[in-house]
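Enquirer: Below, each chain spelled out in residue letters.
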Amino acid sequence: MNAEIQVTVRFERGATIIDLAGDVTTFAEEAINEAYQHASSDGARNIIFNFREDDYINSAGIAILIGIVTEARKRDQRLLMAGLSDHFQKIFRMVGLTQYADLYPSVEEALASIAERG
Amino acid sequence: MIPPNTTRVVELKIPSELGYERVAREAAATVARRLGFSPERIDELKTAVDEACTNAIRHGSKSDSRMKVVVVLSADETKLDILVKDPGAGDSPPSEVLDPDIQAQVEGRSPAGGLGLWLIRQMVDEAYFVEDSESEGNLFRMIIYRTTDERRPALNDVSPLKSDEGGHDA
Numbered sequence: 000m001n002a003e004i005q006v007t008v009r010f011e012r013g014a015t016i017i018d019l020a021g022d023v024t025t026f027a028e029e030a031i032n033e034a035y036q037h038a039s040s041d042g043a044r045n046i047i048f049n050f051r052e053d054d055y056i057n058s059a060g061i062a063i064l065i066g067i068v069t070e071a072r073k074r075d076q077r078l079l080m081a082g083l084s085d086h087f088q089k090i091f092r093m094v095g096l097t098q099y100a101d102l103y104p105s106v107e108e109a110l111a112s113i114a115e116r117g
Numbered sequence: 000m001i002p003p004n005t006t007r008v009v010e011l012k013i014p015s016e017l018g019y020e021r022v023a024r025e026a027a028a029t030v031a032r033r034l035g036f037s038p039e040r041i042d043e044l045k046t047a048v049d050e051a052c053t054n055a056i057r058h059g060s061k062s063d064s065r066m067k068v069v070v071v072l073s074a075d076e077t078k079l080d081i082l083v084k085d086p087g088a089g090d091s092p093p094s095e096v097l098d099p100d101i102q103a104q105v106e107g108r109s110p111a112g113g114l115g116l117w118l119i120r121q122m123v124d125e126a127y128f129v130e131d132s133e134s135e136g137n138l139f140r141m142i143i144y145r146t147t148d149e150r151r152p153a154l155n156d157v158s159p160l161k162s163d164e165g166g167h168d169a
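From first to last, the protein sequence lines are chains A and B. For the first sequence, numbering that gives the first Met the number 0 assigns the number 0 to the initial residue and increments by one for each residue that follows. For the second sequence, numbering that gives the first Met the number 0 assigns the number 0 to the initial residue and increments by one for each residue that follows.
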């Protein structure tokens with residue numbers, strides 16, 4: 000049984016947006032890492048992970064994101080997470096991911112934050 | 000007429016293959032909705048059941064799809080009692096669960112992962128491996144109350160993830 004996830008990369012207003020649709024579990028590792036590498040190879044400085052409200056994320060998915068955070072720190076990239084449900088916002092805070100990635104309710108608000116910082 | 004405090008039991012068998020934990024997660028959510036759990040508690044339950052089943056698949060049966068993980072959901076008016084049984088084909092359960100050190104993981108001082116049991120502890124009211132000499136494999140029990148008001152008064156003093164000498168009557 001393979002988890003269903005769709006990962007797409009787009010560029011908008013100075014940011015790279017990685018759209019995730021589906022379960023963020025161990026099955027998503029390759030797709031998410033490929034999308035991140037694609038974004039980084041294009042010199043992205045601001046990367047927004049855009050989740051859907053009903054996406055499911057388990058501990059393996061969190062471990063994938065910790066790996067991304069690790070890479071992003073080395074590359075001096077800013078990570079932003081948008082669209083997470085209240086439940087996963089809570090988990091991200093509990094785990095400590097919010098020390099390394101800012102959470103926003105939507106991509107629009109994440110983009111506005113990037114524009115403010117310049 | 001069925002007495003109001005009757006326990007309803009749902010028993011599932013899923014293949015020990017990653018991905019099937021989703022079946023148990025959604026079944027548990029369905030039972031909790033019937034009990035009137037809030038959406039927030041259902042989200043917590045789903046995370047706990049998913050992580051427990053993932054552990055049972057990965058560590059309790061080494062992702063061998065010929066094996067089975069059994070999930071027993073026992074529901075009464077106030078709580079859901081969940082038992083996850085695996086064949087015990089893999090590693091022994093850990094004796095302690097440490098808080099995650101994400102800084103160490105990000106700085107490469109410790110490997111990423113190992114969050115599953117810790118997450119379960121944060122989500123449910125009780126979580127522990129049951130020591131049952133009559134049963135082969137691992138038994139992991141979780142209890143989640145419909146609301147925090149329905150927890151037993153002494154529960155706040157109980158350390159989760161302790162071993163339990165007794166059996167399970169589900």
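The set of hints was computed from the structure by calculation and includes no laboratory data. Please note: incorrect hints may appear among the correct ones.
[What the hints assert, rightly or not] Cβ-to-Cβ under 10 angstroms is the rule here; a few derived chain A residues that face chain B:
1) Q5
2) V6
3) V8
4) F10
5) D22
6) T24
7) G66
8) T69
9) R72
10) D75
11) Q76
12) K89
13) Q98
14) L102
15) S105
A quick note: this is a predicted structure, and the numbers were derived from the prediction, not measured. Glycine included, C-beta positions come from ideal geometry on N, C-alpha and C.
Enquirer: Against each hint, give a clear statement of whether it holds in the structure.
Expert: We went through each hint and held it up to the structure:
| no. | hint | verdict |
| --- | --- | --- |
| 1 | Q5 | 16 angstroms, violated |
| 2 | V6 | 17 angstroms, violated |
| 3 | V8 | 23 angstroms, violated |
| 4 | F10 | 26 angstroms, violated |
| 5 | D22 | 7 angstroms, holds |
| 6 | T24 | 7 angstroms, holds |
| 7 | G66 | 6 angstroms, holds |
| 8 | T69 | 5 angstroms, holds |
| 9 | R72 | 6 angstroms, holds |
| 10 | D75 | 14 angstroms, violated |
| 11 | Q76 | 13 angstroms, violated |
| 12 | K89 | 9 angstroms, holds |
| 13 | Q98 | 7 angstroms, holds |
| 14 | L102 | 15 angstroms, violated |
| 15 | S105 | 20 angstroms, violated |
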